[in-house]
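Each chain, written out:
There are 2 protein chains.
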Amino acid sequence: MELLEERIRRDGVVKPGNVLKVDSFLNHQMDVDLFNEMGKEFKRRFAGCPINKILTIEASGIGIACIVAQHFHVPVVFAKKAKSINLDGEMYCTKIQSFTHKKIYDVIVAKKFLSPEDHILIIDDFLANGCAVDGLIDLIRSAGAVIEGVGIAVEKGFQRGGDIIRNKGIRLESLAIIESMDDQTGEIVFRS
Amino acid sequence: MELLEERIRRDGVVKPGNVLKVDSFLNHQMDVDLFNEMGKEFKRRFAGCPINKILTIEASGIGIACIVAQHFHVPVVFAKKAKSINLDGEMYCTKIQSFTHKKIYDVIVAKKFLSPEDHILIIDDFLANGCAVDGLIDLIRSAGAVIEGVGIAVEKGFQRGGDIIRNKGIRLESLAIIESMDDQTGEIVFRS
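As they're listed, the protein sequences go chains S and C. For what it's worth, the UniProt record's numbering labels the leading residue of the first sequence as 1, then goes sequentially. For what it's worth, the UniProt record's numbering labels the leading residue of the second sequence as 1, then goes sequentially.
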């Protein structure tokens, strides 16, 4: 998506260790007009899919997911990083490893919000090693719901997340895929 | 706001200990059409205020804030619950007590996203004891920015948060204010 790539080139900052900071428009300060253009593009790419719900994970996926949901006219459910695991059987639960924070989270969704009748689009801001999306896929499968696809704003194409999801036979649409970055020059190369 | 009160009456669940569960439309599953009506109402109430940015806090405030922001044509910044405190001076930092999770969080906003030129509307889903909003006010004041007001979806009128904010001379607009709840009968009384 040209508009997003331009914005990443303009406002993204490449840091050592293959870190891309996009906190001025994507995941700390959020440009809702840009999110709306992303919503239109996801709607175009997933046109005809019987999506009735969007699933994301707290925190930075929520804003994009809500704006995108307007284009599909469906509700959003966000998976929560659990403070304490509820063992009363009312939650689907999985574990997600965060490389950024070097810990493993228990992540939950209330069972009443995922059912075998649901056709789910997963939305998230970033895809790198794929752990978060993999956890959401696990939650959806626990519920017996259908995964219509995964929509990502920025995919780090040089990490394994994209391949993991595509190898499961799940449709993945990333609006910008970064092929390589150089923290010395600031250059960012996108997959065409 | 009649539409929100009706929805709380229909789908809210009163639990012992003055707990109101609105997770089917507000803070776990999210009804973005309802959020849009809330956005229109906040825009009506804060019409004429020179708001140029919306500030909220992760996680459940983010969805509402993003949808509301579309009606003001401004970006959203969300304060983050810090995993580790960054002491490099690039963050405004405050502490927020969570009664729900019985802990104190360090909460941060990057300094580059709050400045003395900013006129901020705070948006959050719930107001009870006021700790979260009070922390956001503290962050805004650290930056020397102007607080135009606070917009809340559901205020528990019988807890002290509303008074704390109003007593600071800050304009508070809550779309539904609960005067009392009864977990035996399920009855919810709204402030008129």
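These are computed hints drawn from the structure, not numbers from a lab. Among the hints, a few may not be true.
[Claimed, not checked] Mimicking BS3-like on lysine-lysine, the simulated pairs with C-alpha atoms at most 27 Å apart in a straight line are:
#1 LYS112(C) - LYS95(S)
#2 LYS81(C) - LYS103(S)
#3 LYS15(S) - LYS15(C)
#4 LYS21(S) - LYS102(C)
#5 LYS95(C) - LYS102(S)
#6 LYS83(S) - LYS40(C)
#7 LYS95(C) - LYS81(S)
#8 LYS112(C) - LYS83(S)
#9 LYS112(C) - LYS21(S)
#10 LYS43(C) - LYS83(S)
#11 LYS168(C) - LYS95(S)
#12 LYS112(C) - LYS15(S)
#13 LYS40(C) - LYS103(C)
#14 LYS111(S) - LYS102(C)
#15 LYS40(S) - LYS95(S)
#16 LYS83(C) - LYS103(C)
#17 LYS40(S) - LYS40(C)
#18 LYS111(C) - LYS15(S)
#19 LYS40(C) - LYS21(S)
#20 LYS102(S) - LYS40(C)
#21 LYS21(S) - LYS95(C)
#22 LYS112(S) - LYS111(C)
#23 LYS40(C) - LYS103(S)
#24 LYS40(C) - LYS95(S)
#25 LYS102(S) - LYS15(C)
#26 LYS83(S) - LYS168(C)
#27 LYS111(S) - LYS15(C)
#28 LYS95(S) - LYS111(C)
#29 LYS111(S) - LYS21(S)
#30 LYS83(C) - LYS21(S)
#31 LYS102(S) - LYS21(C)
#32 LYS21(C) - LYS111(S)
#33 LYS83(C) - LYS81(S)
#34 LYS81(S) - LYS21(C)
#35 LYS112(C) - LYS21(C)
A quick look at each hint next to the structure:
A distance of roughly 34 Å separates the Cα atoms of LYS112(C) and LYS95(S); the hinted pair therefore is violated under the 27 Å criterion. Proposed proximity of LYS81(C) and LYS103(S) is supported: the alpha carbons are some 15 Å apart, at most 27 Å. A threshold of 27 Å between alpha carbons decides the hint, and for LYS15(S) with LYS15(C) the separation of about 48 Å lies outside it, so the pair is violated. For the given pair, LYS21(S) sits about 32 Å from LYS102(C) by alpha-carbon distance, which is inconsistent with the 27 Å threshold.
With a CA separation close to 23 Å, the supplied pair LYS95(C) and LYS102(S) stays within the 27 Å bound. Pair hint LYS83(S) plus LYS40(C) does not hold up; C-alpha atoms about 34 Å apart against a cutoff of 27 Å. Under the criterion of a C-alpha separation no larger than 27 Å, the hint pairing LYS95(C) with LYS81(S) is consistent with the structure, at around 20 Å. The suggested pairing of LYS112(C) with LYS83(S) is violated, with an alpha-carbon distance near 30 Å, which exceeds 27 Å.
Under the criterion of a C-alpha separation no larger than 27 Å, the hint pairing LYS112(C) with LYS21(S) is consistent with the structure, at around 13 Å. Pair hint LYS43(C) plus LYS83(S) does not hold up; C-alpha atoms about 34 Å apart against a cutoff of 27 Å. Between the alpha carbons of LYS168(C) and LYS95(S) the distance comes to roughly 43 Å, so the proposed pair goes past 27 Å and is violated. The hinted pair formed by LYS112(C) and LYS15(S) meets the criterion: a straight-line CA distance of about 17 Å does not exceed 27 Å.
Note on LYS40(C) and LYS103(C): the hinted pairing is violated, with a Cα-Cα distance of about 35 Å set against a maximum of 27 Å. The hinted pair formed by LYS111(S) and LYS102(C) meets the criterion: a straight-line CA distance of about 25 Å does not exceed 27 Å. A distance of roughly 32 Å separates the Cα atoms of LYS40(S) and LYS95(S); the hinted pair therefore is violated under the 27 Å criterion. For the hint linking LYS83(C) to LYS103(C), the alpha-carbon distance of about 13 Å falls within 27 Å, and the restraint holds.
Taking the CA atoms of LYS40(S) and LYS40(C), the gap is near 21 Å; set against the 27 Å cutoff, the hint holds. Taking the CA atoms of LYS111(C) and LYS15(S), the gap is about 19 Å. The hint holds against a cut of 27 Å. Restraint check for LYS40(C) and LYS21(S): the C-alpha separation of about 32 Å exceeds 27 Å, so the hint is violated. Taking the CA atoms of LYS102(S) and LYS40(C), the gap is near 41 Å; set against the 27 Å cutoff, the hint is violated.
With a CA separation close to 25 Å, the supplied pair LYS21(S) and LYS95(C) stays within the 27 Å bound. At roughly 40 Å between alpha-carbon atoms, LYS112(S) and LYS111(C) are farther apart than 27 Å, so this suggested pair is violated. For the hint pairing LYS40(C) with LYS103(S), the CA-to-CA distance comes to about 40 Å; that exceeds 27 Å, so the pair is violated. As the CA atoms of LYS40(C) and LYS95(S) are separated by approximately 38 Å, the hinted pair breaks the 27 Å bound.
With a C-alpha separation of about 36 Å, the suggested pairing of LYS102(S) with LYS15(C) is violated against the 27 Å cut-off. Our distance criterion of 27 Å between C-alpha atoms is broken by LYS83(S) and LYS168(C), whose separation comes to about 32 Å. Only pairs whose Cα atoms come within 27 Å are accepted, and LYS111(S) paired with LYS15(C) is accepted, the gap being roughly 19 Å. Distance hint between LYS95(S) and LYS111(C) is unfulfilled; the C-alpha atoms sit about 33 Å from each other, more than 27 Å.
This hinted pair does not check out: LYS111(S) and LYS21(S) have alpha carbons roughly 35 Å apart, beyond 27 Å. For the hint pairing LYS83(C) with LYS21(S), the CA-to-CA distance comes to about 17 Å; that is within 27 Å, so the pair holds. Among the hinted pairs, LYS102(S) with LYS21(C) is inconsistent with the structure: their alpha-carbon atoms are about 32 Å apart, more than 27 Å. In summary, the hint linking LYS21(C) to LYS111(S) is supported, as the alpha carbons are separated by about 15 Å, within the 27 Å threshold.
Only pairs whose Cα atoms come within 27 Å are accepted, and LYS83(C) paired with LYS81(S) is accepted, the gap being roughly 13 Å. About 18 Å separates the Cα atoms of LYS81(S) and LYS21(C), which keeps this hinted pair within 27 Å; it holds. Distance hint between LYS112(C) and LYS21(C) is unfulfilled; the C-alpha atoms sit about 36 Å from each other, more than 27 Å.
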